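K.L.:
According to the UniProt record's numbering, the sequence shown is numbered sequentially starting from 1.
Note that these hints are calculated values from the structure, not bench results. A few of these clues could be false.
Stated by the list, open to error - Taking CB as the label site, the calculated pair distances span:
#, residue 1, residue 2, range
1, Lys244, Thr104, 47 to 55 angstroms
2, Lys161, Ala326, 47 to 55 angstroms
3, Pro214, Asp149, 25 to 33 angstroms
4, Asn78, Gly254, 47 to 55 angstroms
5, Lys244, Gln312, 38 to 46 angstroms
6, Cys195, Gly318, 30 to 38 angstroms
7, Pro177, His72, 53 to 61 angstroms
8, Gly220, Thr127, 44 to 52 angstroms
9, Lys211, Pro177, 14 to 22 angstroms
10, Gly254, Val227, 39 to 47 angstroms
11, Cys70, Gln312, 50 to 58 angstroms
12, His72, Thr99, 33 to 41 angstroms
13, Pro214, Leu27, 50 to 58 angstroms
Stated by the list, open to error - List time: in silico DSS-like cross-link candidates among lysine-lysine, alpha-carbon distance up to 25 angstroms:
#, residue 1, residue 2
14, Lys269, Lys175
15, Lys139, Lys168
16, Lys64, Lys296
17, Lys153, Lys64
18, Lys168, Lys262
19, Lys245, Lys168
20, Lys285, Lys269
21, Lys285, Lys175
22, Lys296, Lys153
23, Lys285, Lys262
On a predicted model such as this, the values are computed, not experimentally measured, just so you know. Every residue, glycine too, gets a C-beta built ideally from N, C-alpha and C.
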Amino acid sequence: MLVLRSAPSFPFSIPTNLLANDLEDHLKAAMAIWAGPQTYYGINNVSDYDDNRLYTFANMAHGKTLQFGCGHQVCGTNTHISCIYNLVGGYPHSVLYETGKACTKNKDCTTYKGSTCEQADHLCVFTGKPPVPGGGENKMCRGNKEMTDPGRKAALEAHNKRRSQLAKGKVRNGKNPNNKNLPTASFMARMEYDCEAEAGAIAYASTCAFKQSPQKDRKGYGENVFVYNAPNAVPADALNAAAKKWWDQIFLDGINWEVVFKQSLRDKKIDQKGFTQMAWANSIKLGCGVQTCGLKSFVVCRYSPAGNVLNQTIYPIGDVCSGCVAACKDTDGLCM
Numbered sequence: 001m002l003v004l005r006s007a008p009s010f011p012f013s014i015p016t017n018l019l020a021n022d023l024e025d026h027l028k029a030a031m032a033i034w035a036g037p038q039t040y041y042g043i044n045n046v047s048d049y050d051d052n053r054l055y056t057f058a059n060m061a062h063g064k065t066l067q068f069g070c071g072h073q074v075c076g077t078n079t080h081i082s083c084i085y086n087l088v089g090g091y092p093h094s095v096l097y098e099t100g101k102a103c104t105k106n107k108d109c110t111t112y113k114g115s116t117c118e119q120a121d122h123l124c125v126f127t128g129k130p131p132v133p134g135g136g137e138n139k140m141c142r143g144n145k146e147m148t149d150p151g152r153k154a155a156l157e158a159h160n161k162r163r164s165q166l167a168k169g170k171v172r173n174g175k176n177p178n179n180k181n182l183p184t185a186s187f188m189a190r191m192e193y194d195c196e197a198e199a200g201a202i203a204y205a206s207t208c209a210f211k212q213s214p215q216k217d218r219k220g221y222g223e224n225v226f227v228y229n230a231p232n233a234v235p236a237d238a239l240n241a242a243a244k245k246w247w248d249q250i251f252l253d254g255i256n257w258e259v260v261f262k263q264s265l266r267d268k269k270i271d272q273k274g275f276t277q278m279a280w281a282n283s284i285k286l287g288c289g290v291q292t293c294g295l296k297s298f299v300v301c302r303y304s305p306a307g308n309v310l311n312q313t314i315y316p317i318g319d320v321c322s323g324c325v326a327a328c329k330d331t332d333g334l335c336m
């Protein structure tokens with residue numbers, strides 16, 4: 001019997017019977033089994049991986065993976081085979097690979113600076129040192145070493161992009177029969193990144209509680225939490241997945257057309273408090289943390305001033321930018 005493991009940092013195994021005892025045959029069989037789910041299930045969107053059935057294929061096919069290594073061990077009648085990759089391919093809502101024409105010349109290979117195009121198989125070759133996953137500068141909040149600037153920028157962009165769509169009336173209100181969008185906002189603040197909020201988010205994420213913190217422990221701050229199903233997450237990937245999960249709550253079920261945070265909205269079976277906090281017009285400051293907790297990552301974002309205040313409006317309805325005190329970009333509808 002052959003037992004397979006394809007793991008960037010945790011195991012996945014499939015037992016199968018083989019007649020051949022040759023190691024090369026075992027390795028070929030392992031590769032075929034790991035690649036098999038793609039053939040059987042297909043891929044909906046390589047730019048937004050979200051199918052755990054393709055996990056082994058995703059590890060093999062991830063476009064940014066540079067290195068892997070395999071080993072085997074005979075244990076009685078079983079042969080164990082394991083391959084380890086330098087990047088996790090199966091992150092939820094990650095990009096498996098960039099679509100487009102295969103490389104034909106060196107300048108086509110842009111992911112890693114200094115790469116060359118191997119003409120025979122049209123693969124980009126990079127011989128330098130692989131970058132550290134999740135790495136990047138830490139200039140925005142130098143006092144917080146558990147987050148990097150790419151993660152901070154990803155969180156901020158993920159929030160402001162969606163708030164802009166809401167402000168301009170481009171967000172559908174649940175599954176209403178006429179597919180009507182929520183009303184436009186006269187005021188929707190452009191969020192800014194806050195190091196103090198981040199410090200609190202990191203501290204709470206490190207507890208690995210996997211649930212929202214008590215309000216008394218974060219006075220003045222709102223909070224969204226998310227469990228990312230992979231350890232050692234690249235912060236930008238985990239935060240993008242979290243923002244999508246929170247925001248997409250609005251598409252599952254609508255809110256009242258007055259956009260008031262009523263008790264009935266707060267207590268709904270279909271939770272929408274992640275969306276309403278992201279959409280809270282007066283929440284200006286944002287800070288987030290991502291921490292590894294066993295085989296998962298815990299994502300926490302905090303907001304100031306806090307949203308989801310009972311009986312207050314999520315945002316004021318009106319003509320785009322008409323309620324801005326200072327500047328406003330008509331192109332995104334966010335108040336400066």
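K.L.:
Go through the numbered hints given earlier and state which of them the structure violates, listing their numbers in rising order.
P.N.:
1, 2, 5, 9, 10, 15, 20 and 21
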